[in-house]
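**Student:** Chains as they are written, first to last, in the numbering used here: chain P, 1 to 104; chain E, 105 to 758.
The set of hints was computed from the structure by calculation and includes no laboratory data. Incorrect hints may appear among the rest.
[To be verified] With the C-beta cut set under 7 Å, the calculated list includes, among others, these residues of chain E facing chain P:
id, residue
1, Ala349
2, Val353
3, Val356
[Said to hold, decoys possible] Beta-carbon label-pair distances, calculated as ranges:
id, chain 1, residue 1, chain 2, residue 2, range
4, P, Ser16, E, Arg276, 50 to 56 Å
5, E, Arg352, P, Leu64, 47 to 53 Å
6, E, His164, P, Leu27, 43 to 49 Å
7, P, Met63, E, Glu204, 39 to 45 Å
8, P, Ala21, E, Ile346, 19 to 25 Å
9, P, Leu47, E, Gln198, 19 to 25 Å
10, P, Leu64, E, Asp256, 48 to 54 Å
For glycine and all other residues, C-beta sits at the position ideal for the given N, C-alpha and C.
One-letter residues, chain by chain:
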Amino acid sequence: MYFRFGFAVILIVVVSIAGIALEKRSLELRRDVSHQQYQLDVMRDELSESQFHAQQLGAPTRMLDHVEAEQPRYAVRDKSARVADERSRFQLSREDNVRDNRSR
Amino acid sequence: MSVDRPAIADSHEPKTSHEKVNGSNSQKWKQDRSRFMGETRAATNSDSSLTPQVFRRRIHLTIGGIIAFWVVLAIRLLQLQWIGSDSLAAKAVQQQSAFETVQARPGEIFDRNGRLLATSVATRSLYIDPSAVSDISLVVNTLSTILNLDVDRLYARIEANREKKFLWIQRRLTNEQAEQVRQLKLPDDWWGFRNEYLRRYPQGSLAAHLIGIRDIDGQGHGGVEQGLGKRLAGTSGKRELIRDARGRVIDVVDIEATATTENEQESESPFCDGDSVALTIDSVIQLFAERELDRVMQVWNPRHCCTIVMDPRTNEILAMASRPTFDPNRPAEVSDDAWINTTIGAMYEPGSTVKPLVVAWGLQQGILRRDERIFCENGRYRMGRRILRDHHPYGWLSLTDVIAKSSNIGMAKIGERLENRGLNQAIANFGLGKKTGVGLPGEISGLVRPLPQWDLFSTGSVPMGQEIAITPLQLIAAYAALLHEGQPQRPKIVKQFVEPDGAKAGADMLLTSNPLDGTSAEKKWPPRINDEICRWLIESPMSDVVKRGTGKRAHLPGYAVFGKTGTAQKIDSQLGRYSSERLVCSFICGAPAENPQLLVLLVVDEPSLGRNHGGGSVAAPAAAEILSRSLEHLRISPTQPGPLAEGETSQSRN
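Okay, chain P solo, but in the shape it has when bound (with noise of 0.2 Å):
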């Protein structure tokens, strides 16, 4: 009698310790899931930020000049002008490598 009372007991006191724990961790993870929503804002902010310089430093008002600068615009030229473009673009090229060999 004295060991199933001592069993019952010890029983009993297992499971209240196991459900305390198992509250614990669940308020742990709820702390976690409510952290966590924190860090989303926090971190949906720093992505606006991001973004914001990422589209200011690739905006066409830096960009374009830039690119029309190296490149030719052939939709709307003739060949002719788009001909002489490539020839002297090639010339170029090629008295750079010209000069580069002399220089080596």
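Following the hints, position chain E against chain P.
**Tutor:** Below, chain E alone, put in the same frame as chain P:
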């Protein structure tokens, strides 16, 4: 009890042999009992208080105590659970839960390709509770150093608001400033931060008029920021937090709406961030347009100029720009005249750009024939008391040439045939003098007088674009209508909405009805202008304007460009008549003529530098440049053969 025992024992004296056997044991038990009782009596005799009565009383007392304890517990339980349950529950909730204000994040604005045009960045704003501050000089001295504030002024402000519980010190601090304020470690009840969103525009002044600005209080001013203000702003709310015994947040329960940031009124709609919106504009085409406007401002120094690029197939506006302009990131530096979006907020007499529309209506009504020739009176035509003149004296002109050479006399004669009623119908049919319903704030309707007020002057003036005042957007929408068989078209500025959870919604515009007729925007109209007439106008007279007419400078190799110049005189208010110095030069063009995919309108108001001001010289080259670059950007391939290059044959080209 112990007294009764022997009697009971005596009544069980052994009688049988079996009992006799056990009798010796029973005897022994009796002896033991009497010995035990004797010892007990001896012991009780030594402590006189422990009589059976005392013992019994004690037991009763113990039992009574236990019962009383449980009764008290039950009463307390009853009190906690039943009598004071509401107030105690409220107290518990108060201790456990807390509320914090959550600002709705305003939605972002993108162009049609997903380029960011406007976004919101989180910032901290510093406030204090003046009534709780016990040492003002400490607050003033420390904060003014960090925030670069005037010490005396800050002190005076706090003193003046000593009774209040809330006072902004500075809004939208930088992260460094916020950190420095935190490091001061001022008492918690003196100060606090509030999260706010700062609107930023990564493309700078690009499409500034179209986007508008959002001020420090989240109110939109101008453009999409105002037009779609409520949808972009979202609904602010309060977030309920559940805390543990140590005050740590363990759960975020619910978010309930408190007010809209747009007008700070109570709202029953749930908390939500603002929707993002994708506009129809293309940043690159917008940039082309803006650069050309800058060039026009530099070369011709007009009062203002504006341009619109539109896809006539979908009525989507690809670019909309106006000069002078502003940088929405620096709203304090905006000059007064820069606020106006002249594409929708300024009206002008369109001049010759309306001529193709009047001719289209005349052809549709059957009072004109395409192969007809009109005598243009060698440049001088009396119409009532008025003498009309052409720039060059023309004799007989075909209908194509009347448009290509922009003959005022030819158009006046067409006006005489249409009469005022027919002209008025033409103007109304194309939506001139009425709001387009684009959904942008500040759009004006223009000015078209009621028909009874039209006179003989109107018969000569209206066909050449005088006596009516319209907005540039109305004119380009009218040309879009011409390309849609005369059906009224509403320009679109919104491509789609994106909800905070990423769901995409259609571009439901602010208006539900067609502004031109007050009917459903989706309603299909029967053709008002025959498709053949529209085609002929685009491919013949309007293409000839660019090939050999007044708009030759808009010629683009490889593309069949169509267009129409406009040079309108402005009224000199001092002289009370049209001025020959103050002009509005405009040019509307499109390409390719066989299948128009782009329309460009450019309007230059009062160019002051240079000579020979006219639509063909001032507006056409700039409009053509925008058109050319837009065609290139959209990869619309040339449709017409250009001049052959050296060493190239027509076969090798094919």
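**Student:** Does each hint hold? Answer for all of them.
**Tutor:** Here's how the hints hold up against the structure:
1. Evaluation of the E:Ala349 hint against chain P yields a violated restraint, the C-beta minimum of about 10 Å exceeding 7 Å.
2. With its C-beta approaching chain P no nearer than about 5 Å, E:Val353 sits inside the 7 Å limit, and its interface hint holds.
3. Interface restraint check for E:Val356: the shortest CB-CB distance to chain P comes to about 5 Å, inside 7 Å, so the restraint holds.
4. The hinted range of 50 to 56 Å is satisfied by P:Ser16 and E:Arg276, whose Cβ atoms lie roughly 53 Å apart.
5. Taking the beta carbon of each, E:Arg352 and P:Leu64 are about 52 Å apart, inside 47 to 53 Å as hinted.
6. Hint check: E:His164 to P:Leu27, Cβ distance near 47 Å, so the stated range 43 to 49 Å holds.
7. Checked against the hint of 39 to 45 Å, the pair P:Met63 and E:Glu204 passes, with Cβ atoms roughly 42 Å apart.
8. Taken as a hint, the range 19 to 25 Å holds for the pair P:Ala21 and E:Ile346, whose Cβ atoms sit roughly 21 Å apart.
9. Here the CB-CB span from P:Leu47 to E:Gln198 is close to 36 Å, at odds with the stated 19 to 25 Å.
10. The hinted range of 48 to 54 Å is satisfied by P:Leu64 and E:Asp256, whose Cβ atoms lie roughly 49 Å apart.
Checked against the numbered hints above, the structure breaks hints 1 and 9 and satisfies the rest.
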